[in-house]
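Quick mapping for you: the protein sequence lines, in order, are chains A and B.
What the first sequence shows, in our numbering, is residues 1 to 126, in sequence order.
What the second sequence shows, in our numbering, is residues 1 to 427, in sequence order.
Since the hints were derived computationally from the structure, they do not count as laboratory data.
Note that the Cβ used here is the ideal one computed from N, Cα and C, for glycine as well.
Just to be clear, a hint being listed does not mean it is correct.
The calculated SDA-like cross-link candidates involving lysine to any residue, where the alpha carbons are at most 25 Å apart (straight line), are [unchecked claim]:
| hint | chain 1 | residue 1 | chain 2 | residue 2 |
| --- | --- | --- | --- | --- |
| 1 | B | Lys236 | B | Ala279 |
| 2 | A | Lys101 | B | Gly339 |
| 3 | B | Lys338 | A | Glu32 |
| 4 | B | Lys403 | A | Asp53 |
| 5 | B | Lys369 | A | Ala64 |
| 6 | A | Lys117 | B | Lys34 |
| 7 | B | Lys34 | A | Asn90 |
| 8 | A | Lys124 | B | Gly42 |
| 9 | B | Lys369 | A | Leu34 |
| 10 | B | Lys34 | A | Glu121 |
| 11 | B | Lys338 | A | Glu36 |
| 12 | A | Lys101 | B | Lys338 |
| 13 | B | Lys403 | A | Ala64 |
| 14 | B | Lys403 | A | Asn48 |
| 15 | B | Lys338 | A | Tyr29 |
| 16 | A | Lys52 | B | Lys403 |
| 17 | A | Lys81 | B | Ala392 |
| 18 | B | Lys338 | A | Tyr68 |
| 19 | A | Lys103 | B | Gln395 |
| 20 | B | Lys338 | A | Ile45 |
| 21 | B | Lys403 | A | Asp66 |
| 22 | B | Lys126 | B | Pro79 |
| 23 | B | Lys34 | A | Leu88 |
| 24 | A | Lys101 | B | Gln395 |
| 25 | A | Lys124 | B | Pro18 |
| 26 | A | Lys47 | B | Ile398 |
| 27 | A | Lys52 | B | Arg341 |
| 28 | A | Lys50 | B | Gln397 |
| 29 | A | Lys50 | B | Ser394 |
| 30 | A | Lys124 | B | Tyr25 |
| 31 | A | Lys124 | B | Thr32 |
| 32 | B | Lys338 | A | Ser96 |
| 33 | B | Lys369 | A | Glu87 |
| 34 | A | Lys74 | B | Gly401 |
Between beta-carbon pairs, the in silico distance windows are [stated by the list, open to error]:
| hint | chain 1 | residue 1 | chain 2 | residue 2 | range |
| --- | --- | --- | --- | --- | --- |
| 35 | B | Tyr325 | A | Ala44 | 40 to 48 Å |
| 36 | A | Gln118 | B | Ala392 | 30 to 38 Å |
| 37 | B | Glu382 | A | Ser80 | 32 to 40 Å |
| 38 | B | Val417 | A | Ser80 | 22 to 30 Å |
| 39 | B | Lys403 | A | Lys117 | 37 to 45 Å |
| 40 | B | Arg16 | A | Ala44 | 38 to 46 Å |
One-letter residues, chain by chain:
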Amino acid sequence: MIAEGLLYTKENEWAKVEGQTATIGITDYAQEQLGEITFVEMPAIGKNVKQKDELAVVESSKAASDVYSPVTGKVTEVNSKLESNPELINNDCYGSGWICKVKITDERTMENLMDSKQYEEYLKGL
Amino acid sequence: MAGAGSSGKFAFNQIRKPPSGSVLYEEHLKSTNKPHIADFAGYLMPLWYSSISAEHRAVRQTAGLFDCTHMGVLEVIGPTAAEFLNAVTTNEINNISIGGAQYGYILDAGGDVLDDIIIYKRAENKFIMVVNAANEPKIKEWLKKLINDNVIIDIDNPDRKLEYKPVIRDMRDTGSGSDCRVDIALQGPASINILSTLVNREVQSRIENLISFHFAEAIIADIECIISRTGYTGGKIGFELFVHPENAPQLWRRLLQNGESFGLLACGLGARDSLRIEAGLPLYGHELAGPFNISPFEAGYGWAVKLEKDFFIGKAAMQAKAKTYDMKVVRVELPGEKGIRPVRQNDATLDSTGKCLGWVLSCAKTGEKQSALCFMNRAVKENDAVGVYYLARSQSQIANGRKEQVEKNAVLEADIVGRVVSRFAKF
Numbered sequence: 001m002i003a004e005g006l007l008y009t010k011e012n013e014w015a016k017v018e019g020q021t022a023t024i025g026i027t028d029y030a031q032e033q034l035g036e037i038t039f040v041e042m043p044a045i046g047k048n049v050k051q052k053d054e055l056a057v058v059e060s061s062k063a064a065s066d067v068y069s070p071v072t073g074k075v076t077e078v079n080s081k082l083e084s085n086p087e088l089i090n091n092d093c094y095g096s097g098w099i100c101k102v103k104i105t106d107e108r109t110m111e112n113l114m115d116s117k118q119y120e121e122y123l124k125g126l
Numbered sequence: 001m002a003g004a005g006s007s008g009k010f011a012f013n014q015i016r017k018p019p020s021g022s023v024l025y026e027e028h029l030k031s032t033n034k035p036h037i038a039d040f041a042g043y044l045m046p047l048w049y050s051s052i053s054a055e056h057r058a059v060r061q062t063a064g065l066f067d068c069t070h071m072g073v074l075e076v077i078g079p080t081a082a083e084f085l086n087a088v089t090t091n092e093i094n095n096i097s098i099g100g101a102q103y104g105y106i107l108d109a110g111g112d113v114l115d116d117i118i119i120y121k122r123a124e125n126k127f128i129m130v131v132n133a134a135n136e137p138k139i140k141e142w143l144k145k146l147i148n149d150n151v152i153i154d155i156d157n158p159d160r161k162l163e164y165k166p167v168i169r170d171m172r173d174t175g176s177g178s179d180c181r182v183d184i185a186l187q188g189p190a191s192i193n194i195l196s197t198l199v200n201r202e203v204q205s206r207i208e209n210l211i212s213f214h215f216a217e218a219i220i221a222d223i224e225c226i227i228s229r230t231g232y233t234g235g236k237i238g239f240e241l242f243v244h245p246e247n248a249p250q251l252w253r254r255l256l257q258n259g260e261s262f263g264l265l266a267c268g269l270g271a272r273d274s275l276r277i278e279a280g281l282p283l284y285g286h287e288l289a290g291p292f293n294i295s296p297f298e299a300g301y302g303w304a305v306k307l308e309k310d311f312f313i314g315k316a317a318m319q320a321k322a323k324t325y326d327m328k329v330v331r332v333e334l335p336g337e338k339g340i341r342p343v344r345q346n347d348a349t350l351d352s353t354g355k356c357l358g359w360v361l362s363c364a365k366t367g368e369k370q371s372a373l374c375f376m377n378r379a380v381k382e383n384d385a386v387g388v389y390y391l392a393r394s395q396s397q398i399a400n401g402r403k404e405q406v407e408k409n410a411v412l413e414a415d416i417v418g419r420v421v422s423r424f425a426k427f
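Produce the entire structure from the sequences given, and follow the hints as far as they go.
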């Protein structure tokens, strides 16, 4: 399942850009690969990240996976619900399973992200 | 000498082939729950269908069905088959009667574990040996070298040869005869009820009378079958069914159909692992052999190594090991509610002062807890508190000073604390 209107990375993160803020999460493909997610390590609010910097760690009973930032900016908010309900990522990865919000400081970094059509094509090749 | 130096170590370089589906692969693809397939030991095997936790629960409460058709099944047959197996494996083959099964080890001359196995005695001179899928090519090569006198079997006497030469046959190779066999495991309390729906009265009574590590040869759903009261989930009731590979899909379907009303679920490798970890059962490469070269004694299975036998390959090393080993596999129960970071292989295990006494070998989430099998000092005992230090799993954790590996006796602060529980869970 791929959501329309989002931007995607090859590492299977998504970003929903509204104004200067990107809401970030992992894609349905990524959560399927991980299986039942049991733990999410969040970034600190205020952390400055460059595109492709490590943002979070998502762990299931079978694997630990880094989440890389799709954009360059500053972390402004984290989804604290994931601390006690990490399975929200399995149940609703594009909605209530969002991970954090980043205020974009360099918009050029968004140019190399894929749209939903491109991401769909990309997944076919995996 | 090919395959062995004077140390008696058996060096085997497996040629990796692209993975192929098991004989049940098409059945997995048909499953209503889309299975997550991965390459395991060269086979495309389901990791889970519904979810690991649901499949784990089904095996504990009702029943689960496992594709074990990738496991190696070798026949050892001939007038000297028993003598051969007694020299090649650590347990005492004469302790089992026809219809009985036995756990044991195959060692090289240096005492390294090549595999843990179960031997089934079908007739006086006719045995089946079930070996791990990942080790099957190595064991076949080892047995071939033994038959051809092409390997050292006794480091104190490098010219020693085995006197016994039985015939060894790959029972999964459909070219090897009409009586081929592959393994399907039906595990859990409802497994006996599900089997009962597919057999006649006489077979039903034979199945009901089977005790652990015993088997019957009978017809299930019109299919010739070895029905064995064995398994790898630790439950009181469970069976392994050995059938011809061509009949495996049909038996798989019939079991799933008839088991549905009992709550039977098809289970993948994920649940297989969490069930065996919870039960305390070793997995080759983790609690046996592997990076720590864990021996049967350290694994807690010294009883399956019969040092009183005149000879078996690796005996001298086992005699020394039995006197000197100072580490053992323990089972630790840890908190595992949602939001707790999972403990993983190689994380450090600490005593109450924070001193590292060993490492995690395997860990799985089991309900609201985590079960870990750990390699720790032999002095550790049941109910001792055990702390776990998580190793770094990301670059930012490393940047923040989290260690990527921990040496024994290093002192650290525990991230999570659990307790040593009895090695084998009772269900």
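Hint by hint, here is what the structure shows:
At roughly 11 Å between alpha-carbon atoms, Lys236 of chain B and Ala279 of chain B fall within 25 Å of each other, so this suggested pair holds. Annotation: proposed proximity of Lys101 of chain A to Gly339 of chain B holds, straight-line Cα distance about 20 Å (limit 25 Å). At roughly 18 Å between alpha-carbon atoms, Lys338 of chain B and Glu32 of chain A fall within 25 Å of each other, so this suggested pair holds. For the suggested pair Lys403 of chain B and Asp53 of chain A, the alpha carbons sit about 20 Å apart, so the restraint of at most 25 Å is met.
Straight-line distance between C-alpha atoms of Lys369 of chain B and Ala64 of chain A comes to about 18 Å, which keeps the hinted pair within the 25 Å bound. For the given pair, Lys117 of chain A sits about 24 Å from Lys34 of chain B by alpha-carbon distance, which is consistent with the 25 Å threshold. Between Lys34 of chain B and Asn90 of chain A, the direct Cα distance comes to roughly 15 Å. Compliance with the 25 Å bound is thereby established for this hinted pair. The hinted pair formed by Lys124 of chain A and Gly42 of chain B meets the criterion: a straight-line CA distance of about 23 Å does not exceed 25 Å.
For the hint linking Lys369 of chain B to Leu34 of chain A, the alpha-carbon distance of about 19 Å falls within 25 Å, and the restraint holds. At most 25 Å may separate the alpha-carbon atoms for a hinted pair to count; Lys34 of chain B and Glu121 of chain A meet this at roughly 21 Å. Straight-line distance between C-alpha atoms of Lys338 of chain B and Glu36 of chain A comes to about 10 Å, which keeps the hinted pair within the 25 Å bound. Among the hinted pairs, Lys101 of chain A with Lys338 of chain B is consistent with the structure: their alpha-carbon atoms are about 23 Å apart, no more than 25 Å.
Between the alpha carbons of Lys403 of chain B and Ala64 of chain A the distance comes to roughly 16 Å, so the proposed pair stays at or under 25 Å and holds. Our distance criterion of 25 Å between C-alpha atoms is met by Lys403 of chain B and Asn48 of chain A, whose separation comes to about 24 Å. A threshold of 25 Å between alpha carbons decides the hint, and for Lys338 of chain B with Tyr29 of chain A the separation of about 22 Å falls inside it, so the pair holds. Distance hint between Lys52 of chain A and Lys403 of chain B is fulfilled; the C-alpha atoms sit about 23 Å from each other, no more than 25 Å.
A C-alpha spacing of about 24 Å is found between Lys81 of chain A and Ala392 of chain B, which places the hinted pair at or below 25 Å, so the restraint holds. Between Lys338 of chain B and Tyr68 of chain A the CA atoms are separated by roughly 23 Å; this keeps the pair inside 25 Å, and the hint holds. Only pairs whose Cα atoms come within 25 Å are accepted, and Lys103 of chain A paired with Gln395 of chain B is accepted, the gap being roughly 23 Å. Proximity of Lys338 of chain B to Ile45 of chain A is assessed by CA-CA distance (about 22 Å); at most 25 Å being required, the pair is judged to hold.
Distance restraint check for Lys403 of chain B and Asp66 of chain A: the Cα-Cα separation of roughly 17 Å lies within the 25 Å cut-off, and the hinted pair is therefore satisfied. For a cut-off of 25 Å, the pair hint linking Lys126 of chain B to Pro79 of chain B stands: about 9 Å separates their Cα positions. A C-alpha spacing of about 20 Å is found between Lys34 of chain B and Leu88 of chain A, which places the hinted pair at or below 25 Å, so the restraint holds. Straight-line distance between C-alpha atoms of Lys101 of chain A and Gln395 of chain B comes to about 21 Å, which keeps the hinted pair within the 25 Å bound.
For the proposed pair Lys124 of chain A and Pro18 of chain B, the alpha carbon gap of about 21 Å is at most 25 Å, so the pair holds. As the CA atoms of Lys47 of chain A and Ile398 of chain B are separated by approximately 17 Å, the hinted pair is consistent with the 25 Å bound. Between Lys52 of chain A and Arg341 of chain B, the direct Cα distance comes to roughly 23 Å. Compliance with the 25 Å bound is thereby established for this hinted pair. Distance hint between Lys50 of chain A and Gln397 of chain B is fulfilled; the C-alpha atoms sit about 17 Å from each other, no more than 25 Å.
For the suggested pair Lys50 of chain A and Ser394 of chain B, the alpha carbons sit about 16 Å apart, so the restraint of at most 25 Å is met. With a CA separation close to 22 Å, the supplied pair Lys124 of chain A and Tyr25 of chain B stays within the 25 Å bound. Annotation: proposed proximity of Lys124 of chain A to Thr32 of chain B holds, straight-line Cα distance about 22 Å (limit 25 Å). Taking the CA atoms of Lys338 of chain B and Ser96 of chain A, the gap is near 16 Å; set against the 25 Å cutoff, the hint holds.
Distance hint between Lys369 of chain B and Glu87 of chain A is fulfilled; the C-alpha atoms sit about 16 Å from each other, no more than 25 Å. Taken as a hint, the Lys74 of chain A and Gly401 of chain B pair is honoured in the structure, with Cα atoms around 23 Å apart against an allowance of 25 Å. In this structure the supplied range 40 to 48 Å holds for Tyr325 of chain B paired with Ala44 of chain A, their Cβ-Cβ distance being about 46 Å. Under the hint 30 to 38 Å, the C-beta atoms of Gln118 of chain A and Ala392 of chain B, about 34 Å apart, fit the expected range.
The hinted range of 32 to 40 Å is satisfied by Glu382 of chain B and Ser80 of chain A, whose Cβ atoms lie roughly 38 Å apart. For the hinted restraint 22 to 30 Å between Val417 of chain B and Ser80 of chain A, the CB-CB distance of approximately 25 Å keeps it satisfied. Here the CB-CB span from Lys403 of chain B to Lys117 of chain A is close to 44 Å, well matched to the stated 37 to 45 Å. In this structure the hint that Arg16 of chain B and Ala44 of chain A lie 38 to 46 Å apart at CB holds, the actual value being about 43 Å.
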